[in-house]
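Asker: Quick note on UniProt numbering: the sequence shown kicks off at 1 and runs consecutively.
Check the hints yourself; a few may be wrong.
Simulated crosslink set (DMTMM-like; lysine to aspartate or glutamate; CA at most 25 Å straight-line) [what the hints assert, rightly or not]:
| hint | residue 1 | residue 2 |
| --- | --- | --- |
| 1 | 513 | 471 |
| 2 | 448 | 484 |
| 3 | 568 | 550 |
| 4 | 513 | 530 |
| 5 | 213 | 151 |
| 6 | 448 | 482 |
| 7 | 513 | 474 |
| 8 | 466 | 506 |
| 9 | 490 | 538 |
| 10 | 509 | 484 |
| 11 | 490 | 463 |
| 12 | 213 | 274 |
| 13 | 568 | 522 |
| 14 | 452 | 550 |
| 15 | 568 | 549 |
| 16 | 507 | 463 |
| 17 | 452 | 538 |
| 18 | 543 | 530 |
| 19 | 466 | 456 |
| 20 | 213 | 234 |
| 21 | 452 | 522 |
| 22 | 543 | 482 |
| 23 | 568 | 539 |
| 24 | 448 | 478 |
| 25 | 450 | 478 |
| 26 | 513 | 484 |
| 27 | 450 | 523 |
| 28 | 128 | 218 |
| 29 | 452 | 484 |
| 30 | 490 | 456 |
| 31 | 513 | 463 |
| 32 | 128 | 234 |
| 33 | 524 | 482 |
| 34 | 128 | 73 |
| 35 | 213 | 62 |
| 36 | 524 | 478 |
| 37 | 448 | 572 |
| 38 | 490 | 530 |
| 39 | 513 | 453 |
Keep in mind the hints are simulated off the structure, nothing from the lab.
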Amino acid sequence: MKLIHRIKQNLHLDDIRLRNKFLMMYFLCVFIPIILTNVIFYNMMSSNVQEQRMEDIQISLEQVHLELERMIEAAVSVSWVFYTDYNLYLLLDSQYRNPADFVAAYDGYMRRIISSYTPVYTSVQNIKIYVDNPMVLHSGGIAFLSDAIRESDWYNMLDQTTSSEPIFVRASKEDSISSGRVAEHPDTFNIIRVMDYNDSLSNWEKVLKIELKTESFDIILGNLNIPGSVYLVDPYGVVQYTTDPNVNWRQEQLQLNDIQVSSDINVFEVHPFDMNPLQDWYIVAHVAEDQIAHEALEARQFVLWFALINILLATVIIVVISRSVTKRLGFLLGQMKRVKNGNFELVKNREAVDEIGQVTTEFNRMTRQISSLINDVYVADIKEKNMELEHRHAQLNALQSQINPHFLFNALETIRMRSMMKNEKETAKIIHNMAKLFRSSLTWKRDKIKLKEEVEFIICFLEIQKYRFADRLDYSIEMDPEAEGCLVPKMIYLPFVENACIHGVEKVKRGGKVTISLKLVEDKLHAYIEDNGAGMNEEQVQKIYSYLEENKDLGERIGMQNVLYRLKLFYDDQFEFSITSQQGIGTTIYLVIPVQP
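Start from the sequences, fold in the hints, and give me the full structure.
Answerer: Dropping the structure here:
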């Protein structure tokens with residue numbers, strides 16, 4: 001403990017050289033805070049950037065989900081048009097006498113509806129109806145339901161469902177099927193469904209197949225806002241489409257779980273599709289960690305450069321300022337040592353206006369004065385100063401004798417007695433009140449007086465004002481009996497009452513009134529001073545509030561500014577003060593001070 005106490009004594013801040021103090025300020029207030037601030041800022045920004053990037057990827061994946069759903073819904077809506085078309089069923093189920101009759105029927109109806117839908121839905125590549133009616137010729141939009149078609153995978157999927165709802169499958173391109181061969185690796189997506197809407201006309205088996213453009217899947221699933229690989233997975237977990245260049249989805253039946261995912265890969269997934277025919281299909285995205293953190297790395301470079309600029313700029317500024325201080329103080333210290341040794345040479349540096357410059361100026365003045373004193377001038381100067389002080393003291397005594405307050409009191413008392421002798425009681429009363437106020441204002445032997453005495457001064461002042469304003473002024477004073485003995489600062493309420501009369505009621509032609517209420521509540525004296533005079537605008541109110549912020553001594557000035565200054569001296573911040581005023585309505589002063597009854 002003694003060792004620690006000794007270290008504390010030796011490490012007094014005043015014993016550290018100024019240059020070392022500047023270094024301490026630099027490291028503690030600039031260098032370390034900038035480093036810590038930028039490290040915290042970088043960690044927070046990096047985390048926020050990564051979180052925002054992951055949210056953006058998730059939103060983009062949901063957008064892909066929505067666009068793919070809309071594309072399939074559009075194709076399904078087209079299938080419903082063909083599925084419920086009565087005239088189409090008549091065309092496909094009729095028995096034609098010769099091919100020319102079918103061609104005429106086809107040109108009259110089928111060609112028109114095929115050509116009306118294919119250009120409108122840009123995601124639809126081809127629409128084909130397979131029918132086993134031997135009288136129907138293979139033509140645009142219609143094909144024979146051959147054995148090769150019945151053996152295809154997509155056709156066999158119709159046997160796995162008992163309803164006629166549309167099915168979403170991968171299948172071979174239509175040109176491969178039309179040529180009588182089925183491609184080994186299906187690479188297109190299709191909407192297929194059995195056409196059995198009109199049972200009365202279903203003499204032949206009919207299957208609708210709407211082929212979607214693979215380019216549409218490339219556009220939707222290849223969303224540029226998703227930097228990784230996107231996988232479209234069927235309900236059995238098989239990848240049916242992907243943007244991953246390492247997966248040949250056209251030739252491989254690859255399970256999503258079989259794809260190796262390293263620890264630095266983030267997996268994003270949206271909820272499965274809940275619509276037919278995409279029910280239980282879902283979309284997954286694999287995004288590498290470095291792709292997510294790419295923007296954070298760019299932010300790190302920005303933070304590093306920003307921190308470096310801040311440190312360099314602060315270092316240059318502090319070095320320049322500290323050098324300006326330490327160099328000049330060192331030179332001034334050396335000059336003081338020379339003066340101590342009897343060399344009274346003045347400092348010849350440029351006169352500056354900062355504190356060091358002022359110290360230098362005062363040092364030069366002190367040096368000249370010391371030199372003058374040493375040359376035997378100080379003796380005569382001291383005699384001259386003593387004579388001047390005595391002369392001023394005599395003048396002060398004379399002035400004080402001229403303004404003896406007792407002379408003024410006696411003069412007022414003489415006037416009052418003369419008024420009483422002439423039976424001018426009202427004038428005598430006013431002079432008595434003036435004398436009482438004048439005596440109280442010039443006698444400051446006590447800083448605090450009883451509230452009852454303060455109220456007597458207020459009544460004297462109000463009687464004088466009532467004499468002045470006659471019927472234009474009326475007043476009422478309400479005071480709790482238990483508050484009469486409370487000690488309050490002398491004349492603490494009178495300036496507010498004076499303002500209520502002079503600046504408030506004076507501008508009212510008739511019916512002016514001043515109301516004063518003094519109540520003691522829990523060792524606090526609450527004062528309300530109200531008038532129905534001219535009131536104040538907001539600028540005047542704020543000016544009075546600004547007096548609370550001033551700390552300068554106001555001397556012997558009176559008024560609100562003086563009162564507020566004295567309140568701060570007596571009570572610090574333990575008093576409450578507020579003003580409520582409206583022009584043309586009046587002003588209310590509310591003052592609360594702590595007292596001891």
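Asker: For every hint, state whether the structure bears it out.
Answerer: Results of checking the hints against the structure:
Distance restraint check for residue 513 and residue 471: the Cα-Cα separation of roughly 10 Å lies within the 25 Å cut-off, and the hinted pair is therefore satisfied. Distance restraint check for residue 448 and residue 484: the Cα-Cα separation of roughly 13 Å lies within the 25 Å cut-off, and the hinted pair is therefore satisfied. Restraint check for residue 568 and residue 550: the C-alpha separation of about 10 Å stays at or below 25 Å, so the hint holds. Between residue 513 and residue 530 the CA atoms are separated by roughly 8 Å; this keeps the pair inside 25 Å, and the hint holds.
A C-alpha spacing of about 23 Å is found between residue 213 and residue 151, which places the hinted pair at or below 25 Å, so the restraint holds. Using a Cα cut-off of 25 Å, the hinted pair residue 448 and residue 482 holds, with the two alpha carbons roughly 17 Å apart. Between residue 513 and residue 474, the direct Cα distance comes to roughly 5 Å. Compliance with the 25 Å bound is thereby established for this hinted pair. Restraint check for residue 466 and residue 506: the C-alpha separation of about 11 Å stays at or below 25 Å, so the hint holds.
For the given pair, residue 490 sits about 29 Å from residue 538 by alpha-carbon distance, which is inconsistent with the 25 Å threshold. As the CA atoms of residue 509 and residue 484 are separated by approximately 34 Å, the hinted pair breaks the 25 Å bound. Straight-line distance between C-alpha atoms of residue 490 and residue 463 comes to about 19 Å, which keeps the hinted pair within the 25 Å bound. For the given pair, residue 213 sits about 22 Å from residue 274 by alpha-carbon distance, which is consistent with the 25 Å threshold.
With a C-alpha separation of about 21 Å, the suggested pairing of residue 568 with residue 522 holds against the 25 Å cut-off. Distance hint between residue 452 and residue 550 is unfulfilled; the C-alpha atoms sit about 30 Å from each other, more than 25 Å. Pair hint residue 568 plus residue 549 holds up; C-alpha atoms about 10 Å apart against a cutoff of 25 Å. Proposed proximity of residue 507 and residue 463 is supported: the alpha carbons are some 18 Å apart, at most 25 Å.
Between residue 452 and residue 538 the alpha-carbon distance is near 34 Å, which puts this suggested pair outside the 25 Å criterion. Taking the CA atoms of residue 543 and residue 530, the gap is near 19 Å; set against the 25 Å cutoff, the hint holds. Under the criterion of a C-alpha separation no larger than 25 Å, the hint pairing residue 466 with residue 456 is consistent with the structure, at around 15 Å. A hinted pair counts as satisfied when its Cα atoms are at most 25 Å apart, and residue 213 with residue 234 qualifies at roughly 18 Å.
A threshold of 25 Å between alpha carbons decides the hint, and for residue 452 with residue 522 the separation of about 19 Å falls inside it, so the pair holds. Pair hint residue 543 plus residue 482 does not hold up; C-alpha atoms about 35 Å apart against a cutoff of 25 Å. Taken as a hint, the residue 568 and residue 539 pair is honoured in the structure, with Cα atoms around 23 Å apart against an allowance of 25 Å. Among the hinted pairs, residue 448 with residue 478 is consistent with the structure: their alpha-carbon atoms are about 21 Å apart, no more than 25 Å.
A C-alpha spacing of about 16 Å is found between residue 450 and residue 478, which places the hinted pair at or below 25 Å, so the restraint holds. For the suggested pair residue 513 and residue 484, the alpha carbons sit about 23 Å apart, so the restraint of at most 25 Å is met. Between residue 450 and residue 523 the CA atoms are separated by roughly 15 Å; this keeps the pair inside 25 Å, and the hint holds. Taking the CA atoms of residue 128 and residue 218, the gap is near 23 Å; set against the 25 Å cutoff, the hint holds.
The suggested pairing of residue 452 with residue 484 holds, with an alpha-carbon distance near 5 Å, which does not exceed 25 Å. A hinted pair counts as satisfied when its Cα atoms are at most 25 Å apart, and residue 490 with residue 456 qualifies at roughly 12 Å. Distance restraint check for residue 513 and residue 463: the Cα-Cα separation of roughly 13 Å lies within the 25 Å cut-off, and the hinted pair is therefore satisfied. This hinted pair checks out: residue 128 and residue 234 have alpha carbons roughly 24 Å apart, not beyond 25 Å.
In summary, the hint linking residue 524 to residue 482 is supported, as the alpha carbons are separated by about 12 Å, within the 25 Å threshold. The straight-line distance between the Cα atoms of residue 128 and residue 73 is roughly 18 Å, inside the 25 Å bound, and the hint therefore holds. Taking the CA atoms of residue 213 and residue 62, the gap is about 21 Å. The hint holds against a cut of 25 Å. Restraint check for residue 524 and residue 478: satisfied, since their Cα atoms lie roughly 16 Å apart, inside the 25 Å limit.
About 16 Å separates the Cα atoms of residue 448 and residue 572, which keeps this hinted pair within 25 Å; it holds. A hinted pair counts as satisfied when its Cα atoms are at most 25 Å apart, and residue 490 with residue 530 qualifies at roughly 20 Å. A threshold of 25 Å between alpha carbons decides the hint, and for residue 513 with residue 453 the separation of about 22 Å falls inside it, so the pair holds.
When the structure is compared with the earlier hints, violations turn up for hints 9, 10, 14, 17 and 22 and for no others.
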